[in-house]
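Novice: For this one, chain A is given, so just place chain B on it according to the hints.
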Amino acid sequence: MSLLEVKELKQHFTIKKGFLGEKKIVKAVDGVSFKIEQGETLGIVGESGCGKSSLGRTILQLIKPTSGEIHFQGRDITHLSRKEMKDVRKEMQIVFQDPYASLNPRSTVRTILEDPLIIHGIKSRHKRMDIIEGIIDKIGIRKDQLDRYPHEFSGGQRQRIGIARALTLSPKLIIADEPVSALDVSVQSQVLNLMDALQKELNLSYIFISHDLSVVQHISDRVAVMYLGKIVEIADVDELYQNPLHPYTKALLSAVPLPDPAQKKERIILQGDLPSPVNPPSGCPFHTRCPQATPECKAEIPELREKSMDHWAACIHVQPGQKQSIRTSIS
Amino acid sequence: MLLELQNVCLELKRNHKYVKILDEVSFQVNQGETVGIVGESGCGKSMTALSIMRLLPEKAKLKGTIKLEDEDVTKFSKKALEKVRGNKLSMIFQDPLTSLNPLHTVGKQIEETLMLHTDLTKSQRKQRVVELLREVGLPRAEELVHEYPHQLSGGMRQRIMIAIAMACNPSLLICDEPTTALDVTVQAQILELMNSLKKMNEMGIIMITHDLGVVAEVCDRVIVMYAGKVVEQAGVKELFQNPKHPYTKGLIESIPKLGERKQILGSIPGTVPAPDKLPSGCKFADRCSYAMDTCRRKMPPMVHITNEHSASCWLLEEEEGEQFVTSGSKRIETTLHH
Chain A
16 MSLLEVKELK QHFTIKKGFL GEKKIVKAVD GVSFKIEQGE TLGIVGESGC GKSSLGRTIL
76 QLIKPTSGEI HFQGRDITHL SRKEMKDVRK EMQIVFQDPY ASLNPRSTVR TILEDPLIIH
136 GIKSRHKRMD IIEGIIDKIG IRKDQLDRYP HEFSGGQRQR IGIARALTLS PKLIIADEPV
196 SALDVSVQSQ VLNLMDALQK ELNLSYIFIS HDLSVVQHIS DRVAVMYLGK IVEIADVDEL
256 YQNPLHPYTK ALLSAVPLPD PAQKKERIIL QGDLPSPVNP PSGCPFHTRC PQATPECKAE
316 IPELREKSMD HWAACIHVQP GQKQSIRTSI S
Chain B
745 MLLELQNVCL ELKRNHKYVK ILDEVSFQVN QGETVGIVGE SGCGKSMTAL SIMRLLPEKA
805 KLKGTIKLED EDVTKFSKKA LEKVRGNKLS MIFQDPLTSL NPLHTVGKQI EETLMLHTDL
865 TKSQRKQRVV ELLREVGLPR AEELVHEYPH QLSGGMRQRI MIAIAMACNP SLLICDEPTT
925 ALDVTVQAQI LELMNSLKKM NEMGIIMITH DLGVVAEVCD RVIVMYAGKV VEQAGVKELF
985 QNPKHPYTKG LIESIPKLGE RKQILGSIPG TVPAPDKLPS GCKFADRCSY AMDTCRRKMP
1045 PMVHITNEHS ASCWLLEEEE GEQFVTSGSK RIETTLHH
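So the sequence lines, in the order shown, correspond to chains A and B.
Under this note's numbering, read the first sequence as residues 16 to 346, first letter to last.
Under this note's numbering, read the second sequence as residues 745 to 1082, first letter to last.
Just chain A, with the same shape it has in the complex (with noise of 0.2 Å):
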């Protein structure tokens, strides 16, 4: 049994212009199924809009499903009521973007790791305040540093504290939304090698979502690359980064420059940026900027299919079977 299973979760959005217009429909989830084990990291990449934030939120069910299933250990979570919801979310949770936005400045760092246990109805303070002192060592926040303020701590500390409040509740999942691009790559990089230290430690789960295709490369076993909300190719990481399918997954590997000057690669550069998600192409919704694009993918909508072992890819120039030159960038 997966610990997450997604089935065609779909996510849409209506939005209006003016108070007569007419309305629209933003698909920002459009039909997504995947499943995660225990202990394993999913890395999800995709550009702005591509609708990777909205997923993980709508796992979290922050936001209602518009249709679509969600298995969480083998139960379906998907049409459960907030009071029954809420005890799924203890073993759920979630670390922000920004660690300046996503802490409460009037609380002192205290209140804001006892609050999660308080909901959740852990009583005795002497419990929590053990819980609360187990997690910060974990995490290198000094005891004496609780009763400070979320602005006396610098960007790192800041998205340490995130990632504590987030494990207050022993989770099995944390989908973490962009956890480290608002920091500096020193920074970064302690903050990843936090994540990785404390999976192996606590047999956790993460969704990765990121733009950043080294960071995700780093920290993932499995990768799904998303645009205007489907997902285009999922593999094990170094299947997808040695042999990506997809041609957008292989335009994106491709324009991600190289902190190698003696290292030159050949780049495939995409014209013109992602389209608007209220108005998406007919077909395939990557046709509009794909180098390799025929009428047909104008025509029909390519569907996720397993391409050669657990590497799925939705494109229909690509051949079950069939394995693609590497890339001389990722050797």
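Below, simulated DSBU-like cross-link-like pairs (lysine-lysine); rule was C-alpha separation at most 35 Å, straight line:
{"no.": "1", "chain 1": "B", "residue 1": "K1021", "chain 2": "B", "residue 2": "K822"}
{"no.": "2", "chain 1": "A", "residue 1": "K265", "chain 2": "B", "residue 2": "K981"}
{"no.": "3", "chain 1": "A", "residue 1": "K280", "chain 2": "B", "residue 2": "K832"}
{"no.": "4", "chain 1": "B", "residue 1": "K993", "chain 2": "A", "residue 2": "K158"}
{"no.": "5", "chain 1": "A", "residue 1": "K279", "chain 2": "B", "residue 2": "K943"}
{"no.": "6", "chain 1": "A", "residue 1": "K79", "chain 2": "A", "residue 2": "K105"}
{"no.": "7", "chain 1": "A", "residue 1": "K187", "chain 2": "B", "residue 2": "K1001"}
{"no.": "8", "chain 1": "B", "residue 1": "K1001", "chain 2": "A", "residue 2": "K50"}
{"no.": "9", "chain 1": "B", "residue 1": "K981", "chain 2": "A", "residue 2": "K279"}
{"no.": "10", "chain 1": "A", "residue 1": "K215", "chain 2": "B", "residue 2": "K1006"}
{"no.": "11", "chain 1": "A", "residue 1": "K280", "chain 2": "B", "residue 2": "K943"}
{"no.": "12", "chain 1": "B", "residue 1": "K757", "chain 2": "B", "residue 2": "K811"}
These aren't lab readings, by the way, just hints derived from the structure by calculation.
Specialist: Just chain B, lined up with the frame of chain A:
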């Protein structure tokens, strides 16, 4: 030589007292060369750029010389500055949405620069604007002239910013994190554009960024800054292959590299100290794993390892006898001898 900074010090007023933001910053930019400035946030990268542009708060104390084509920018009057900015000296900022005026059309904003600095007639200006939009790779240039910034995507807005900066063929272009707010695929487009513009116009570029990938991709030489000081500078290949300062090493080791899987990333403990709480001696000593007693007492001198490579660290001074030539313990400037 296009630009030369010599012992530039900058003090800004914070909480009623002056705080040192830049400390004896010296470097050069040659024509047709891209020089990267890297460092964590709060290292003084942007303040260096703003000092060159003289876009500083009124009470700022700026010392040292900033020579742009043999004229000292620090001595310029307001009028002389207005003549240079947007003309010989241009700057692109990180966030294209906040740096464009939302109330004016794109065309008008590009034309403004031309109006201030050239003698072109109105129709010539209109023509030049369309040309510029084409040069920066924007489609349907004639229609775009009449559109407002909010109608464009992030990548397009940054192209407009580049068009404005390029309007008068500047000899020096300063880019402050030009691609940080953009997606990787769009970033690749913009970097390619900047490279081709550089080749076409023979201008010098200062590229401020925290992304070492971008540095490796577009820069010829790199300056590493820490706590308001230049701690290392070298050619781009040399810097990545043979970094000398522990801070540079730490930065390079802490980035996850595409195509390489490591169990644990290197990292630098702690954070950049606030400018009013700088330690005496080497500013990096508190975070440095090689720190010795000397480091906490005395500021290390700039050691020239080769003509093009210098770093300021006591470790290098120790090896001095064997490999390196320095001019004793007195601090020497980071000038490159060509």
